[in-house]
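Given the coordinates of chain A, work out where chain B should sit on it, guided by the hints.
If you want the building blocks of each chain, they are given just below.
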Amino acid sequence: DTAVSQTPKYLVTQMGNDKSIKCEQNLGHDTMYWYKQDSKKFLKIMFSYNNKELIINETVPNRFSPKSPDKAHLNLHINSLELGDSAVYFCASSQRGSPNTQYFGPGTRLTVL
Amino acid sequence: ILNVEQSPQSLHVQEGDSTNFTCSFPSSNFYALHWYRWETAKSPEALFVMTLNGDEKKKGRISATLNTKEGYSYLYIKGSQPEDSATYLCAFASFNRDDKIIFGKGTRLHILP
Chain A
-19 DTAVSQTPKY LVTQMGNDKS IKCEQNLGHD TMYWYKQDSK KFLKIMFSYN NKELIINETV
41 PNRFSPKSPD KAHLNLHINS LELGDSAVYF CASSQRGSPN TQYFGPGTRL TVL
Chain B
6 ILNVEQSPQS LHVQEGDSTN FTCSFPSSNF YALHWYRWET AKSPEALFVM TLNGDEKKKG
66 RISATLNTKE GYSYLYIKGS QPEDSATYLC AFASFNRDDK IIFGKGTRLH ILP
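So the sequence lines, in the order shown, correspond to chains A and B. Residues in the first sequence are numbered consecutively from -19, following this note's numbering. Residues in the second sequence are numbered consecutively from 6, following this note's numbering.
Bear in mind the hints are in silico, worked out from the structure with no lab data behind them. None of the values given here were measured: they were computed from a predicted structure. Just so you know, not all the hints are guaranteed correct.
[Unchecked claim] Dumping the calculated SDA-like pairs for lysine to any residue here, alpha-carbon to alpha-carbon at most 25 Å:
| hint | chain 1 | residue 1 | chain 2 | residue 2 |
| --- | --- | --- | --- | --- |
| 1 | B | Lys110 | A | Glu38 |
| 2 | B | Lys105 | A | Pro79 |
| 3 | B | Lys110 | A | Asp65 |
[Stated by the list, open to error] To spell it out: a stretch of chain B is covered by chain A in this simulated footprint if at least three of its residues, at any positions, have a beta carbon under 8 Å from a beta carbon of chain A; those stretches are:
| hint | region |
| --- | --- |
| 4 | 32 to 42 |
| 5 | 48 to 54 |
[As the list claims (entries may be wrong)] Chain B side only, calculated, beta carbon under 10 Å to chain A, not exhaustive:
| hint | residue |
| --- | --- |
| 6 | Arg66 |
| 7 | Thr92 |
| 8 | Leu94 |
| 9 | Ala96 |
| 10 | Ala98 |
| 11 | Lys105 |
| 12 | Ile106 |
| 13 | Ile107 |
| 14 | Gly109 |
| 15 | Gly111 |
| 16 | Arg113 |
Glycine included, every Cβ here is placed at the ideal spot set by N, Cα and C.
The shape of chain A in the complex, shown without the other chains (with noise of 0.2 Å):
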């Protein structure tokens, strides 16, 4: 059974397209968050939803946008896709209120070419 899933897990596409990562999370979590692992290998958080409700936005660019239908489901959708955004893109879940230890998925390597 896996706690945090990401589909797919890798992912080839040009330049300009539209594409969607999808994340699932079946430990019952009420917040997922989205971080993408830049080029010096660092994580660094781009949005967080706590049941459906986006509670972190960072600076990002406006061309990602999440999209939260369910509490269990974290989707983030990156339209007119950029050189620079190939990166891996890892999802995450944790439960509010606990010392908010984070699971992880198993990440989304996009390549643009």
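Same frame as chain A, now just chain B:
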């Protein structure tokens, strides 16, 4: 701006030797300090979470200590093994409505056979 600093950035240790590294974080509004282990091509996995000054946690050969008054935590690895090679991330959580945890940039540990 909340900063979480980890040192050293990279570390090479001979197999069998013991080692330790540091995480520094703001000493005000402390809520929790997390350590994660992140192997190459995998996703970060939670090792420890500590919430009280003086906390010590242990898992096998790995242990961690916490000093919230001075704002630092140490991670210790005793008798390093090749499987310990990974990046070790610490993450700081403060009393904050948005539940964001701030990740350090990690210490990349290489165990030399």
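Given the hinted pair lysine 110(B) and glutamate 38(A), is their alpha-carbon gap at most 25 Å? 17 Å, holds
Quick check: the region 48 to 54 of chain B, covered by chain A? Criterion 3+ residues, Cβ under 8 Å. holds (count 5)
Please verify that hint: isoleucine 107(B), Cβ, nearest Cβ of chain A, below 10 Å or not. 8 Å, holds
Less than 10 Å between beta-carbons is the criterion; does arginine 66(B) satisfy it with respect to chain A? 21 Å, violated
Next item in the hint list is isoleucine 106(B). Is there a CB on chain A closer than 10 Å to its CB? 6 Å, holds
Verify the coverage statement for the region 32 to 42 of chain B against chain A, using a C-beta to C-beta distance below 8 Å and requiring 3 or more qualifying residues. holds (count 3)
Hint consistency between lysine 110(B) and aspartate 65(A) [alpha-carbon to alpha-carbon, up to 25 Å]: 20 Å, holds
Hint validity - threonine 92(B) Cβ closer than 10 Å to any chain A Cβ: 7 Å, holds
Against the 25 Å threshold, does the CA-CA distance of lysine 105(B) and proline 79(A) hold or violate the hint? Roughly 11 Å separates the two Cα atoms, so the pair holds.
Alanine 98(B) as chain A interface residue, shortest Cβ-Cβ below 10 Å: 5 Å, holds
Interface hint check: lysine 105(B), Cβ to nearest Cβ on chain A, cutoff 10 Å. Holds or violated? Hint on lysine 105(B): holds, closest Cβ of chain A at ~5 Å, below 10 Å.
Is the interface hint satisfied for alanine 96(B)? The criterion is a beta-carbon contact with chain A at less than 10 Å. Status holds, d = 8 Å.
Consistency with the previously given hints fails for number 6 only.
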